[in-house]
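Q: Based on the sequences and whatever the hints tell you, model everything.
The listed protein sequences correspond, in order, to chains A and B. Under the working numbering, think of the first position of the first sequence as 215, with each following residue one higher. Under the working numbering, think of the first position of the second sequence as 49, with each following residue one higher.
Treat the hints loosely; a few may be bogus.
Where chain B lies over chain A, by a calculated footprint (3+ residues, C-beta under 8 Å) [claimed, not checked]: (1) 229-236; (2) 321-328.
Not everything, but these chain A residues come out facing chain B in the computed CB check (under 8 Å) [to be verified]: (3) F241; (4) P256; (5) P257; (6) L261; (7) E262; (8) Y310; (9) Y317.
Some chain B residues close to chain A (C-beta under 8 Å, calculated; not the full set) [what the hints assert, rightly or not]: (10) A76; (11) A80; (12) A82; (13) T91; (14) P92; (15) L94; (16) D98; (17) E103; (18) L143; (19) F144; (20) T145; (21) F146; (22) P148.
Quick caveat, the hints were computed from the structure, so don't treat them as lab data. Predicted model, so just to flag it, every value in this text is computed and none were measured. Glycine residues also receive a C-beta, built at the ideal position from the N, C-alpha and C atoms.
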Amino acid sequence: QITLKESGPTLVKPSQTLTLTCTFSGFSLSTRGVGVAWIRQPPGKALEWLALFYWDDDKRYSPSLKSRLTLTKDTSRNQVVLTMSNMDPVDTATYYCAHSGAYRSGLYRIANWGQGALVTVSS
Amino acid sequence: AIQLTQSPSSLSASVGDRVIITCRASQAINSALAWYQQMPGKTPKLLIYDASTLESGVPSRFSGSGYGTDFTLTISSLQREDFATYYCQQFNDYLFTFGPGTTVDIK
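A: Here you go:
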């Protein structure tokens, strides 16, 4: 059974860096065709894909946020960490991590989501 | 980056209605499109991937079609539990993008 859980601060100040950790179980990020994605959703608004850490250590970022995002992993702890710099109130959102699996060579889908973590940006 | 548009942005329907939601990509993505359902306060649920493949456990009243730039999600007979927001999502060049969503509410 695949599970994921996000952890991190619930409140950050403007200009600070946000660090969120995704702790997962039920799969290995070393397995071919696997990835861990980050998605966010501001209150009452649409989903926005942020980044994805692939099994082969390839990392992809949303072009609009690429300069602010960094992904790292801790294989021994089954964790993927997302950092987002220079936080602003518009970054207030629920941040989700999710398992992404390949259904065909080079094609991925997102089927398992964490419960999400609400992060508020305010002074 | 590939952009997705959805129409309508919202619709009102009755139980038993046939509902069609469309999604258009700014450039061709073959069949690399998925549909998600999100209930208020809940995490999104994958309904369809690869444009037309039903995710395991999803009722057969949901179906998807399309290729290239134009896609549709059809709910053949709307049930009470289907009132939700639906998002399309594309995958291209190892990047994802979500559409803006379509909210289906009760008429």
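Q: So, for every hint listed, does it hold in this structure?
A: Going down the list of hints, with the structure as the test:
1. 229-236: Contact hint for the segment 229-236 of chain A vs chain B: violated, 0 residues under 8 Å.
2. 321-328: holds (count 7)
3. F241: Hint violated; F241(A) Cβ to chain B Cβ min 16 Å, cut 8 Å.
4. P256: violated (12 Å)
5. P257: violated (11 Å)
6. L261: Because about 4 Å separates L261(A) from the closest Cβ in chain B, which is inside the 8 Å limit, the hint holds.
7. E262: This hint holds: E262(A) lies near chain B, its Cβ roughly 6 Å from the closest one there, short of 8 Å.
8. Y310: holds (7 Å)
9. Y317: holds (6 Å)
10. A76: This hint is violated: A76(B) lies away from chain A, its Cβ roughly 15 Å from the closest one there, beyond 8 Å.
11. A80: holds (6 Å)
12. A82: holds (6 Å)
13. T91: holds (4 Å)
14. P92: Cβ of P92(B) sits 6 Å from chain A, so the hint holds.
15. L94: The hint holds - L94(B) has a Cβ within 8 Å of chain A, the shortest such distance being about 5 Å.
16. D98: Status holds, d = 6 Å.
17. E103: Hint on E103(B): holds, closest Cβ of chain A at ~7 Å, below 8 Å.
18. L143: holds (5 Å)
19. F144: Interface hint status for F144(B): holds (4 Å vs cutoff 8 Å).
20. T145: holds (6 Å)
21. F146: holds (4 Å)
22. P148: holds (5 Å)
Checked against the numbered hints given earlier, this structure breaks hints 1, 3, 4, 5 and 10; the rest are met.
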